[in-house]
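K.L.:
Sequence:
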Amino acid sequence: MLNSGEPTRRQLVEAALLYAGPDAVVTGAASCRRHGLKMLPDGAFRVHLLVPLEHKVGSSGHVIIERTTRLPQAITIDGVPLAPLSRAVLDECRRLGSRREVSALLAEAVQRGVSLAELFAELDAGSSRGTAIPREALHRIADGARSAAEVDAMKVWRLTGLPEPLWNHELRDENGEYIATADGYFVAAGLAWEIDSYDFHFGKQQYAATVARDARYAAAGIVVLQTLPSRLRTEPKRVAAELVAAYRAAEARMRRAA
Numbered sequence: 001m002l003n004s005g006e007p008t009r010r011q012l013v014e015a016a017l018l019y020a021g022p023d024a025v026v027t028g029a030a031s032c033r034r035h036g037l038k039m040l041p042d043g044a045f046r047v048h049l050l051v052p053l054e055h056k057v058g059s060s061g062h063v064i065i066e067r068t069t070r071l072p073q074a075i076t077i078d079g080v081p082l083a084p085l086s087r088a089v090l091d092e093c094r095r096l097g098s099r100r101e102v103s104a105l106l107a108e109a110v111q112r113g114v115s116l117a118e119l120f121a122e123l124d125a126g127s128s129r130g131t132a133i134p135r136e137a138l139h140r141i142a143d144g145a146r147s148a149a150e151v152d153a154m155k156v157w158r159l160t161g162l163p164e165p166l167w168n169h170e171l172r173d174e175n176g177e178y179i180a181t182a183d184g185y186f187v188a189a190g191l192a193w194e195i196d197s198y199d200f201h202f203g204k205q206q207y208a209a210t211v212a213r214d215a216r217y218a219a220a221g222i223v224v225l226q227t228l229p230s231r232l233r234t235e236p237k238r239v240a241a242e243l244v245a246a247y248r249a250a251e252a253r254m255r256r257a258a
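Each residue of the sequence shown is one higher than the last, beginning at 1 in the working numbering.
Keep in mind that the hints were calculated from the coordinates and are not lab data.
Any given hint could be a false lead.
Have a look at the derived ranges for each label pair, beta carbon to beta carbon [unchecked claim]:
hint : residue 1 : residue 2 : range
1    : 132       : 77        : 28 to 34 Å
2    : 125       : 248       : 39 to 45 Å
3    : 59        : 112       : 56 to 62 Å
4    : 161       : 98        : 47 to 53 Å
5    : 57        : 140       : 36 to 42 Å
6    : 256       : 98        : 34 to 40 Å
7    : 124       : 39        : 20 to 26 Å
Taking lysine to any residue and the SDA-like style, the derived pairs with C-alpha atoms no more than 20 Å apart in a straight line are [stated by the list, open to error]:
hint : residue 1 : residue 2
8    : 56        : 72
9    : 38        : 80
10   : 38        : 12
11   : 237       : 249
12   : 237       : 148
13   : 237       : 158
All residues carry an ideal CB built from backbone N, CA and C; glycine is no exception.
Please model the entire structure based on the sequences and the hints provided.
P.N.:
The following block contains the structure:
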């Protein structure tokens, strides 16, 4: 630096990248800021860098060095190599101890277009250290999103003229074994309506549970219509038409089986 004043954040980031060497990627708060996020905690400015595992450089001063086998493909903004936003947000959240700060940052990221699926996948892929609070916060955000999707599903159903389904209805087979809890179940047609999305079936365990659920539906002879929650708002009339068609097909199938 040629001046004697305090270094700018840009200068601190550039100095950190020079210190870390080639292939370093900016993550955490510094990356989040450059991606445009605002809900970041106050405090001393730190530059969190991801570097290849074989790099021997260590943390120093305002620079946090994290050696990793999962070095992300950098996104370059204004000449600065940044981690993708999902990675940057969670790298920051893992280091925050405040539930309020974690929730605020994750909520902003989701509002800016980062999907819950991406965030849960990132949690599953990385170290489990520091993930308890972010995971809890993401589930709370997801619960709110699911509640909104259920309201949207009811609005779409009202467009169909079909009998009202049983909402959030638990289904069991003739032996009393649990099949699933359908978002909507049309008894007369034997049709289950599931509002499914990667946004709601996040990580490896949740995806496996969804596959197992669909297998139980198939074994029980129940027809399933799966709808993305986003389509309930963007294509309500088309989804309503699909629901009617699925209902008629399931109804005809039941008559043939009788």
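K.L.:
If a hint holds in the structure, say so; if it does not, say that too.
P.N.:
Each hint, compared with the structure:
Between residue 132 and residue 77 the beta carbons are some 31 Å apart, a value that agrees with the proposed interval 28 to 34 Å. Separated by about 43 Å at the C-beta atoms, residue 125 and residue 248 satisfy the suggested range of 39 to 45 Å. A hinted range of 56 to 62 Å for the beta carbons of residue 59 and residue 112 is inconsistent with their spacing of about 29 Å. With their beta carbons about 50 Å apart, residue 161 and residue 98 fall inside the hinted range of 47 to 53 Å.
At about 37 Å, the beta-carbon gap between residue 57 and residue 140 stays in the expected band of 36 to 42 Å. A C-beta distance of roughly 59 Å is found between residue 256 and residue 98, which places it outside the suggested range of 34 to 40 Å. A hinted range of 20 to 26 Å holds for the C-beta pair residue 124 and residue 39, which are about 24 Å apart. Between residue 56 and residue 72, the direct Cα distance comes to roughly 19 Å. Compliance with the 20 Å bound is thereby established for this hinted pair.
With a C-alpha separation of about 18 Å, the suggested pair residue 38 and residue 80 falls inside the 20 Å cut-off, and the hint holds. About 19 Å separates the Cα atoms of residue 38 and residue 12, which keeps this hinted pair within 20 Å; it holds. Our distance criterion of 20 Å between C-alpha atoms is met by residue 237 and residue 249, whose separation comes to about 18 Å. Only pairs whose Cα atoms come within 20 Å are accepted, and residue 237 paired with residue 148 is accepted, the gap being roughly 18 Å.
Between the alpha carbons of residue 237 and residue 158 the distance comes to roughly 10 Å, so the proposed pair stays at or under 20 Å and holds.
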